[in-house]
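There are 2 protein chains.
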Amino acid sequence: MNINDLLNHTSEWLKGSGPNADIVISSRIRLARNLEKIPFPHWAGKDKREEVLKTIEQALSGLEHLKQGVILRLAGMDNLDKQFLVERHLMSLEHAQKTNYKAIAVDSEEVLAVMVNEEDHIRMQVMQSGFNLFEAWNIINQIDDYLAKGLRFAFSPEWGYLTACPTNTGTGMRGSVMLHLPALVMTRQVDRVLAAIAKLSFTTRGLYGEGTQATGNFFQISNQVSLGRSEPEIIDSINGIIQQIIEQENQAREAISAKNKPVLEDRINRSLGILKSARIISSQETAELLSMLRLGIDMGVIKDIDRRRVNELFIITQPAHLQKLESKKLSSEERDVKRAELIRNKLNI
Amino acid sequence: MNINDLLNHTSEWLKGSGPNADIVISSRIRLARNLEKIPFPHWAGKDKREEVLKTIEQALSGLEHLKQGVILRLAGMDNLDKQFLVERHLMSLEHAQKTNYKAIAVDSEEVLAVMVNEEDHIRMQVMQSGFNLFEAWNIINQIDDYLAKGLRFAFSPEWGYLTACPTNTGTGMRGSVMLHLPALVMTRQVDRVLAAIAKLSFTTRGLYGEGTQATGNFFQISNQVSLGRSEPEIIDSINGIIQQIIEQENQAREAISAKNKPVLEDRINRSLGILKSARIISSQETAELLSMLRLGIDMGVIKDIDRRRVNELFIITQPAHLQKLESKKLSSEERDVKRAELIRNKLNI
Chain X
0 MNINDLLNHT SEWLKGSGPN ADIVISSRIR LARNLEKIPF PHWAGKDKRE EVLKTIEQAL
60 SGLEHLKQGV ILRLAGMDNL DKQFLVERHL MSLEHAQKTN YKAIAVDSEE VLAVMVNEED
120 HIRMQVMQSG FNLFEAWNII NQIDDYLAKG LRFAFSPEWG YLTACPTNTG TGMRGSVMLH
180 LPALVMTRQV DRVLAAIAKL SFTTRGLYGE GTQATGNFFQ ISNQVSLGRS EPEIIDSING
240 IIQQIIEQEN QAREAISAKN KPVLEDRINR SLGILKSARI ISSQETAELL SMLRLGIDMG
300 VIKDIDRRRV NELFIITQPA HLQKLESKKL SSEERDVKRA ELIRNKLNI
Chain Z
0 MNINDLLNHT SEWLKGSGPN ADIVISSRIR LARNLEKIPF PHWAGKDKRE EVLKTIEQAL
60 SGLEHLKQGV ILRLAGMDNL DKQFLVERHL MSLEHAQKTN YKAIAVDSEE VLAVMVNEED
120 HIRMQVMQSG FNLFEAWNII NQIDDYLAKG LRFAFSPEWG YLTACPTNTG TGMRGSVMLH
180 LPALVMTRQV DRVLAAIAKL SFTTRGLYGE GTQATGNFFQ ISNQVSLGRS EPEIIDSING
240 IIQQIIEQEN QAREAISAKN KPVLEDRINR SLGILKSARI ISSQETAELL SMLRLGIDMG
300 VIKDIDRRRV NELFIITQPA HLQKLESKKL SSEERDVKRA ELIRNKLNI
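Quick note, the sequences are listed as chains X and Z, same order. Take 0 as the starting number for the first sequence in numbering that gives the first Met the number 0 and just add one per residue. Take 0 as the starting number for the second sequence in numbering that gives the first Met the number 0 and just add one per residue.
Incorrect hints may appear among the rest.
To be verified - Derived DSSO-like pairs (lysine-lysine); straight-line CA-CA distance at most 27 Å:
# : chain 1 : residue 1 : chain 2 : residue 2
1 : Z       : K258      : X       : K328
2 : X       : K337      : Z       : K275
3 : Z       : K327      : X       : K258
To be verified - Distance windows between CB atoms, simulated:
# : chain 1 : residue 1 : chain 2 : residue 2 : range
4 : X       : D77       : Z       : N259      : 31 to 39 Å
5 : X       : V262      : Z       : L6        : 40 to 48 Å
6 : Z       : N259      : X       : E50       : 55 to 63 Å
7 : X       : K328      : Z       : D235      : 23 to 31 Å
None of these hints come from the bench; they were simulated from the model. All of these numbers come straight from a predicted model, not from anything done at the bench. Ideal Cβ placement from N, Cα and C applies to all residues, glycine included.
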């Protein structure tokens, strides 16, 4: 397998299936791990970082999940490929910058992704479609157990797993759920809802993680505290919070539908009409219109397009994806034209 | 024939044919005539107005053009029918108000329309599709000659035909041309062009005549002076002015096309996409989007829809037309829904 094989593949988290798939795009569990007695990447010298890289590459190469996958060093990797992996949510934007002594490992189904020498020696994630954190936890827990056999992780009986940033210390786990909340946005309740969960130590981010804005009404919600409780307890508390948000989004959808269904249907159908006909379209407008289209599918207004096709469009209309699909560099203006063309081709069937 | 027969008929002026039909919707010649020795309608008493009405009805009934047409008194006519005739440009808004002792005559092709006891005893118009004032003049001139055999028109050897408003005295003729000038609007040149022709004693009006705004980039241009020159001379001068405006609109279209064709194509296709998909649409938005669609057809961007269908949509999406098509009164909100439905049905073929 190589990176280009991913181009025509639907990532696990984009399948549009799984529990509550009408509101929950995907569930993700991430674990931070570090090798004992070696400084964290930001403090380690070149030799140490190379040593870490080799040690972890070696351990990963025995992993069953990666038999059909790739383990790639980032140094020398094409910028477009790095951006492509970021757009697919397989690695962080931070990992794509300053790429010396870094690696990324991805399985062919894009369930597992492992970053080596990002903020911690190991940052691994498992993604599942829909509202499915426990399943993601089961998978990543087995992978963690396997790696722990060959690697000695920095662990303190008092604190748990040690990490570069103290907020990750303890379980080293972060669970996050990507939610599509158009009705809470439309009814202007989303700020209130997100402010409430912030008080409970949950953070909200946009589609691309830390520091990104919510586009297309997507919100990524994750736990802030990873210390003092077991992983299943943390997942339970995330599930409880997400369940409440799902309930509120459902109520908002019902309220809009009861109050002004024709206006909603008009907006959804116009969004589809523009997507099917535009000749130039920005990624921002694309995200907004696809969000309305997805709501239309989820509410039964649009019946002949499935959720998976919309999810895919969210991803493949991004800059690096467009350029890899065209096999050449494109200016921003060229991308807006190609994006519109791609969307028309995928929707006018 | 009765009024409802017009509902599914394409008016002469909407055929989308004739010279310069890509810019000129229609050409119209209107003549004002009054019976001699009888006060103008606004000054005449009831008996006199009834006498005028009977005399003119009698004269019109012999007219070959009206053999397949209707001559209708407005008193007691349904308000929706009156609005319907105004929307079809067969009579003025003024004529539809205070309807006593008034009549309207229309032929089955909607080439000829005669208002009795509007501002003058007779206001007759002949419409032709495209840029075709002389043809309209030839037709109306014959009708005028025929009527002059049976009626004695107020005429002064010095002043010509006498009319209620002095601006019509002389030939009693007004020639007007309905132009579609989207490129001059887009390039913000239209105000300059219209200001220039105003200095040459031409007036510009919107789609529905005096006092109406230009909607859908339609402009109706007509001569202000009807005195001191023969009808063909006046028509010649109108033709010269219109020819120049056509030239300027064509140049503006070429300039937009040369400079930024993709942006234009995007706007045109989005307009069509919205028209094909909206569930609620106002008449104002409809006019704007249809204007872009018409430009798309005229510039060869849209190939599978003809001009005539767009012209018809301009007319049948108006309030009275919508209500007559549905055979019932509709609120403004209901009309916006029915309008969207009608447009979808006519464009999604």
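Against the structure, the hints:
Taking the CA atoms of K258(Z) and K328(X), the gap is about 24 Å. The hint holds against a cut of 27 Å. At most 27 Å may separate the alpha-carbon atoms for a hinted pair to count; K337(X) and K275(Z) meet this at roughly 23 Å. The suggested pairing of K327(Z) with K258(X) holds, with an alpha-carbon distance near 25 Å, which does not exceed 27 Å. Separated by about 33 Å at the C-beta atoms, D77(X) and N259(Z) satisfy the suggested range of 31 to 39 Å.
Distance hint for V262(X) and L6(Z): a CB-CB separation of about 30 Å, inconsistent with the stated range 40 to 48 Å. Between N259(Z) and E50(X), the C-beta spacing of about 57 Å keeps the proposed range 55 to 63 Å intact. For the pair K328(X) and D235(Z), the beta carbons lie near 59 Å from each other, so the given range of 23 to 31 Å is not met.
Taken one by one, the earlier hints fail for this structure at numbers 5 and 7, listed in ascending order.
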